[in-house]
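S.K.: One-letter residues, chain by chain:
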Amino acid sequence: MDIALLTEATYPHQAGGVSVWCDQLIRGLDAHRFTVHAITAGDDNEVIWDIPDNVVDVHVVPLWGAGPEVKHPLHHSVELRSAFVSLAQALARADGEAQFLDALHQLHQLARQVPMVGALRTRESIEVLLGTMQDATPGDREFAADVGPVTVHDASQVLDHLDHLLRPLYVPPPRADLCHASANGLSILMALGSHWDDGTPLVLSEHGIYLRERYFSYAPDRFSFAVRSLMLRFYKHLAWAGYQIAGSIAPVCDYNRRWQEANGADPERIRTIYNGVDTDHFTVTTTEPEEPTLVWMGRIGPLKDVETLIEAFALVHEALPAARLRMYGGVSEENAAYFDRCVALRDRLGLEECATFEGQTDSVVEAYHTGHVVVLTSISEGFPYSLIEAMASGMATVATDVGGVAEATGDAGLIVPPQSPRHMARACLSLLTNDGFRRWIAKAARARVLAKFTLEQNLAEYGDVYRTVFDRSIAARIPAVLVEVPAEADEMLSAAS
Amino acid sequence: MGEVDRERSERSERSAARPSHELTGPERLDRITSWLSDDPALSVACAAAVDPVEIAARLESHGVSSQVAVDTFGYADVFSTAEAVYRQVPFHDVVPPPPSVPAGGGPVDLLRGALYALPALFLPVVVTGFGLRLSWWVLPVGLTVAWGTSQAAATCAWTLLGRKDSRSDALVALGTLLVTGLACLAAAGVAAWALGGSASSVLTVAAIGVYVAASAIMVFQQSELLLALCMAPAAVGSVLALGHLPVAVGRSAAAWCVVATVGLAAVAANRHVPTRRWRLPGLARSEWVQATKFLAYGTSCGLLLGTLIGFASGVDGSARALSIAVWPLLLTLGLMEWQLRSFRSRATAALSASYDLDDFGRRVGRAFRRSIGLYVGALALLSVVCLIVGRLHHLPEVPLLLASVGMLGIAYFMALLLACSGRLNLVLRCWAATFAVLVVALVVDQQLRGHIAPRDGLLSLIVATGTAIVSFLVMARSVLASPLSYR
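Protein chains in written order, with the working numbering: chain A, 16 to 512; chain B, -16 to 470.
It should be emphasised that the hints constitute simulated quantities derived from the structure, not laboratory data.
One should not assume that every hint holds.
[Unchecked claim] If you want a taste of the chain A side facing chain B, the calculated C-beta under 8 Å gives, among others: (1) P164; (2) L247; (3) S395; (4) D416.
[As the list claims (entries may be wrong)] Computed Cβ-Cβ distance ranges for the label pairs, DEER-style: (5) B/W271 with A/A234: 46 to 54 Å; (6) B/G449 with A/I63: 20 to 28 Å; (7) A/D355 with B/I371: 51 to 59 Å; (8) B/V272 with A/G279: 40 to 48 Å; (9) A/Q124 with B/A103: 34 to 42 Å; (10) B/W271 with A/D486: 42 to 50 Å; (11) A/Q124 with B/V272: 26 to 34 Å; (12) A/I63 with B/L209: 49 to 57 Å; (13) B/L208 with A/Q124: 39 to 47 Å; (14) A/G374 with B/L208: 47 to 55 Å; (15) B/L101 with A/Q124: 52 to 60 Å; (16) A/G374 with B/T258: 14 to 22 Å.
Built from N, CA and C at the ideal position, the CB exists for glycine as well.
All chains should be built: construct the whole structure from the sequences, respecting the hints.
M.R.: Now the structure itself:
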């Protein structure tokens, strides 16, 4: 089967859990051919993964690069204006999903005739947005009239975002037997194109809930109410569209189901597929470091809440002065400022000597084994690899109760509320100071991974989903008349056999 | 305490110890709002939420999973908890900090302008110090090539800076210097072959190119102070060579000071080369295209100035007349920078202060008129002063040269405003039209008189730059009034 794997800001240009998942999927399902369609921030992208032989091609779809020059900006196109007005109206309404989808369809069709990148960047578009945004008040809330007035800056900011975010809709849609999106985000725009043009079925995996994370990105202290309102509705309607066209929705944990169902996904089409790890690779060690050590692994960023980790460690260090914290993982350029904040916090708390940023590691297993306990302080997660990898490596874990974390650990790990340094510190201390308890948890954790979260189980489930969705789409495309076999032919076939 | 608050407080106390499933609707709400009030940041975020889903996301990130929603607050899940908060907690908008507005210009830009203008004084020092006989094409060729490559290099450097790619900038700086130097040598070689000229002319062109490129790199690096330090030997040497001070140096020594300045600038511009890790700049095709367009833009600017110098050098007594007429342009380079920055700053600020496009257009129009008015006013004032000086020195060519220089200055400023507003394509088209008008005017002149007199060449240039100014003004009305020009 030819699979179009649709990614966003992950494989093959970034490290992290979703990229690990993509790599495992491609290598594990090597009977299929994959074409990767990767949405990236800019157009200077370095492939950092070793691309397997069954990857036919990698197409990059940059959102923020310069893009091709608009030769026919369609400033006066009636179709473009109509599509954009429809899009803006849909974004102004909480129940505008269908109109949103229709507007995207119109834009996609226009993109097949003329270059569309930058075509919306007109004074007229800003005028349309200004009108729309002035209507987008939280009308059903008390004191809704307190919303600040919409400025030209707000409208041009939204237009700027839309112009870039819609770029995946304008590229030639993937040609494949099946599209597989790694998130319900902008990659859905490519899947929509493929769905409209060729009826290509979609398998939709969700690690973290993309929409939930957008609510954190568009924070009230960064964007005006009018901008947040429209942009978040864009993502919300887009998520709805993804659920509507998906032949199968495969969240990585049951917890994500709630979000999917709350946003219009058909429960019948949801099938949880837990992430899996290669248990031969993640081995258990019998030795532990001399000093009580906590290990954290991940890409440093606000969603990982490294600040809570450092604050929690300060409390641990106060109780156990010999304690150490080793934080493994890289920092992307967009999170450089956040990293600086974390370093400043660590230094302010006087933890320079005992809390160290170790950078990226060549051996994840060895990194886990440099500690007694592996911690995870995220405020949003799907089904984190760092957690099940640590469990598979025979490590006791403390993690925040977000996304599918509780499903991953079950009784074989400690769970604490997010953004609570005190709870985190207390749980870490309980494991660091009680060897018997820690070893019991670690053993249970390994056993739980072996039973429920192996790579073999994960790949088998995806193979099955691919077959089911593809067969269903073929069946849907065969004209009904072909299925009606005449009775005589049926008898003849029976006799022959 | 009001009656409602008292009632709520009593209800809270009554419900505090009761299991969540026994709570009534108002008690559930009291419990969640009381819990929210313990975390002011969360409280503020929920009050400003655009919809219930945002509240659900924020509650989850603070530990309210669906299980917690049931066990602690008595709601069915986190979504119904969020819905209740959304319906009952009054909306309260959070005003985000105003968008960042680029810093406006100021008198310090005049000093920056002096950095651009001062080198004009150094060429005569080198010529007299070394006793050079330079061809007329030295300055036009050097400025045209260096202007073009510097613009292209700055575009690449800005792109890399936007990506925070510090591994490529050392290579871009070194590459710019090498490419500019070699391109100048090549262009000067062709000019010497076609028009005649000495090896010293060719070498001087290369030196001009290297200096212009080095100073452009340092301006990009925001190392103007370092550039000023590099210029110190040339400036000090030139002043001492005048012989008006108690300490004096010979003309040859002053010329060597200028050479030292060129060398220092080249070294200082590349000071990061030994310490930075190198990487070839990873520019996309579209970014190379953009850099090429800026190359064309810079080259066009240089060509127009080269045309002016070329024709001016053919006018009788041109050296003295030009040395007076060029001052209004040189002295207003800093003002050009100042007004460009101030205009961008005012226009960007107008984005947040305007609630409709007409209002925005009016504000930007005022800012534009103010900037262009100040620049043209200063240019006119300095031109009058130079006109008087020209009269006093009995130099009849000064008015024509002043007019040419003034028109060029205004055209440069308007082109700069439009290019910085992201309308480089329009500027290039406009420059193409300008050259077309210039060529037509020169051809007509050739046909009518059989030759092109320098004075007529300057008149043709005035007509061409006038055309450019008119077309820039026509475009400015719509381009500068578009909010998209400032994003």
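S.K.: Give a verdict on every hint.
M.R.: We went through each hint and held it up to the structure:
1. P164: 5 Å, holds
2. L247: 6 Å, holds
3. S395: Status holds, d = 6 Å.
4. D416: This interface hint holds because 5 Å falls under the 8 Å limit.
5. B/W271 with A/A234: 46 to 54 Å: Roughly 36 Å apart at Cβ, these two residues miss the hinted range, so it is violated.
6. B/G449 with A/I63: 20 to 28 Å: 55 Å Cβ-Cβ, so the 20 to 28 Å window is violated.
7. A/D355 with B/I371: 51 to 59 Å: Since A/D355 and B/I371 have Cβ atoms about 58 Å apart, the given range 51 to 59 Å holds.
8. B/V272 with A/G279: 40 to 48 Å: 42 Å, holds
9. A/Q124 with B/A103: 34 to 42 Å: About 58 Å separates the Cβ atoms of A/Q124 and B/A103, which means 34 to 42 Å is violated.
10. B/W271 with A/D486: 42 to 50 Å: 47 Å, holds
11. A/Q124 with B/V272: 26 to 34 Å: 28 Å, holds
12. A/I63 with B/L209: 49 to 57 Å: 37 Å, violated
13. B/L208 with A/Q124: 39 to 47 Å: Given about 56 Å between the Cβ atoms, the range is violated.
14. A/G374 with B/L208: 47 to 55 Å: 35 Å, violated
15. B/L101 with A/Q124: 52 to 60 Å: Because 59 Å falls inside the window, the suggested range holds.
16. A/G374 with B/T258: 14 to 22 Å: Holds - the Cβ-Cβ distance for A/G374 and B/T258, about 21 Å, lies within 14 to 22 Å.
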